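Peer 1: Chain residues, written in single-letter form:
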Amino acid sequence: MNITLTVNGDDYPLDVEPRRVLADALREDCGLTGTHLGCEHGVCGACTVLVDGEAVRACLMLAVQCDGAAVRTVEGLAGPDGEPHPLQRAFSAEHALQCGFCTPGFLMIAAGALESIGDDPELVDRLVESNICRCTGYEPIRRAIMRAATDCPPASDRSPTSEGS
Amino acid sequence: MKPAAFDYVAPHTVREAVDALGDTWRDVRVLAGGQSLILEMHMRRICPDLVVDINHVAGLDRIGLDDGTVRVGALVRHQVFESPQAVPGPLGRLCANAVVNIAHPPIRTRGTLVGSIAWAHPASEWCAIAVALDAVIEVRSSGGVREIAARDFFLGPLQTARAPDEIITSVRFPLLGGSTGVGFVEHRRTHFCFAQVAVAAAVTVHDGLIVDARIGLANCADRPVRARAAERVLIGADVSAANDHPFADAALAGDHQPVDHPFGDADLAGNRLPADHPFARAGRAAADEDAAPVDEPYADPEYRRQVIAVLVGRTLRQAVADWRSHAEPEGGLR
Numbered sequence: 001m002n003i004t005l006t007v008n009g010d011d012y013p014l015d016v017e018p019r020r021v022l023a024d025a026l027r028e029d030c031g032l033t034g035t036h037l038g039c040e041h042g043v044c045g046a047c048t049v050l051v052d053g054e055a056v057r058a059c060l061m062l063a064v065q066c067d068g069a070a071v072r073t074v075e076g077l078a079g080p081d082g083e084p085h086p087l088q089r090a091f092s093a094e095h096a097l098q099c100g101f102c103t104p105g106f107l108m109i110a111a112g113a114l115e116s117i118g119d120d121p122e123l124v125d126r127l128v129e130s131n132i133c134r135c136t137g138y139e140p141i142r143r144a145i146m147r148a149a150t151d152c153p154p155a156s157d158r159s160p161t162s163e164g165s
Numbered sequence: 001m002k003p004a005a006f007d008y009v010a011p012h013t014v015r016e017a018v019d020a021l022g023d024t025w026r027d028v029r030v031l032a033g034g035q036s037l038i039l040e041m042h043m044r045r046i047c048p049d050l051v052v053d054i055n056h057v058a059g060l061d062r063i064g065l066d067d068g069t070v071r072v073g074a075l076v077r078h079q080v081f082e083s084p085q086a087v088p089g090p091l092g093r094l095c096a097n098a099v100v101n102i103a104h105p106p107i108r109t110r111g112t113l114v115g116s117i118a119w120a121h122p123a124s125e126w127c128a129i130a131v132a133l134d135a136v137i138e139v140r141s142s143g144g145v146r147e148i149a150a151r152d153f154f155l156g157p158l159q160t161a162r163a164p165d166e167i168i169t170s171v172r173f174p175l176l177g178g179s180t181g182v183g184f185v186e187h188r189r190t191h192f193c194f195a196q197v198a199v200a201a202a203v204t205v206h207d208g209l210i211v212d213a214r215i216g217l218a219n220c221a222d223r224p225v226r227a228r229a230a231e232r233v234l235i236g237a238d239v240s241a242a243n244d245h246p247f248a249d250a251a252l253a254g255d256h257q258p259v260d261h262p263f264g265d266a267d268l269a270g271n272r273l274p275a276d277h278p279f280a281r282a283g284r285a286a287a288d289e290d291a292a293p294v295d296e297p298y299a300d301p302e303y304r305r306q307v308i309a310v311l312v313g314r315t316l317r318q319a320v321a322d323w324r325s326h327a328e329p330e331g332g333l334r
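Chains L and H, in that order, are what the protein sequence lines are.
To convert, note that position 20 of the first sequence is 20 in the UniProt record's numbering; the numbers rise steadily by one, no gaps.
To convert, note that position 72 of the second sequence is 72 in the UniProt record's numbering; the numbers rise steadily by one, no gaps.
Source of the hints: derived by calculation from the structure; they are not laboratory data.
Among the hints, erroneous ones may be present.
Claimed, not checked - Heads up, simulated SDA-like pairs for lysine to any residue below, C-alpha to C-alpha not over 25 Å straight-line:
hint, chain 1, residue 1, chain 2, residue 2
1, H, K2, L, V16
2, H, K2, L, R27
3, H, K2, L, G34
4, H, K2, L, Y12
5, H, K2, L, R20
6, H, K2, L, I132
7, H, K2, L, T4
8, H, K2, L, L37
Unchecked claim - Label pairs and their calculated CB-CB ranges:
hint, chain 1, residue 1, chain 2, residue 2, range
9, L, G68, H, A149, 35 to 41 Å
10, H, E296, L, T33, 35 to 41 Å
11, L, E83, H, G22, 51 to 57 Å
12, H, V9, L, G53, 23 to 29 Å
If you're wondering where the values come from, they're calculated on a predicted model, not measured in any experiment.
Beta carbons are placed, not taken as given, at the ideal position from N, Cα and C, and that holds for glycine.
Please take these sequences and the hints and turn them into a complete structure.
Peer 2: The structure is reproduced here in structure tokens:
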């Protein structure tokens, strides 16, 4: 099937089989290998990306379902000049990663909810327990997300096309 | 693994979806949230010939209210129910209490309530609520519309009364009245696990006495269970403030009397229900008479019966507390 994925503001016209899941389309067809695949059944959260601003498991969505949708991946977090996103700076500052396999998923689930954390600090716990990290013990990740939520300038997130504007 | 190849259609109307489902010679699956279906396809436990993606069908993403019922369309995501205001009254609070137990936020942005009911996993929170509240499942096929009562709908693990050519368009729940309190308690090994036991309860109180009780159990049998024996125990039970004192006092006094069930009628804080308290008796009735737990690796039936007894009591206390903090003044508060 011919579809167009809009990933981090760029259009990718693709010819994919219906069985191609979004994560594979991103990695294999778009060449965006920042999105990792762990369990492939929705448990580990390594493949979490934003589709139309909402965090989803990219292993549990078909690429054809995302035809015309705006997808945001970890490659789209940093600014056009390569300046790291506040979440990425916070993950670095708080040592919120070790091997790094789970990090794209944690960054994206946090990116999807960053603006809501100010109103609901307990949300961070629910976000952190959504994904699996086998290195850090989660606490540094929780601190990093809290730090980014405090630092992050409001309304800089959500829209995948807002970069550079 | 990756899903096996399949054909894919994305209809825009229910009629088109029904037409696609009409080809019953093939294994046709409806894709709504896909959070169970696609993972089963990854495992190749399900290899459909045709996937009918209903996400573009207009009008299925709504919660409608009419005449004392709530109609939840087939595309209403779990996430919607995280707000207690998504549905009016106690039912909204029950849904909000239950939904946070369903997987985690990124799953809840995609998965749907109706999809959970169609999937009919015995541990499903929504299925337990559906049988507890006598929900009605609305299905459509080329032959027309059919309504199936929840009690007739669930036939076993992942088995329902829906025919292969039928699509569930919505599920109707009765709105609960202002003098009803609700509770939902779930026990599971880790946050990623299915419920080992989950209990949904709605108790209606008049003049300090329980006049109606509805209890649904998840993962307590090969299908969702309505705990009618436990409900019968509760009718007429006194929930006036005075009747709270037995277990509050016992907790303060550190009174730990031995009880029949080894796991005890204590909650996590150590507050122990006296064995003859109606909630403790309802818990034992649910565990011994209503439930028929199926063996599973980490929780044998005997263990789960103990958990059921405790959780039913805990859920009822939550429901009464909910009633107390929300009851409308004319509803018999004393």
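Peer 1: Taking the hints in turn, state whether each one holds.
Peer 2: For each hint, the structure was consulted:
no.	hint	in the structure
1	K2(H) to V16(L)	holds, 14 Å
2	K2(H) to R27(L)	holds, 14 Å
3	K2(H) to G34(L)	holds, 20 Å
4	K2(H) to Y12(L)	holds, 22 Å
5	K2(H) to R20(L)	holds, 8 Å
6	K2(H) to I132(L)	holds, 21 Å
7	K2(H) to T4(L)	holds, 22 Å
8	K2(H) to L37(L)	holds, 12 Å
9	G68(L) to A149(H): 35 to 41 Å	holds, 39 Å
10	E296(H) to T33(L): 35 to 41 Å	holds, 38 Å
11	E83(L) to G22(H): 51 to 57 Å	holds, 55 Å
12	V9(H) to G53(L): 23 to 29 Å	holds, 27 Å
Comparing the model with each earlier hint shows no violations; every hint is respected.
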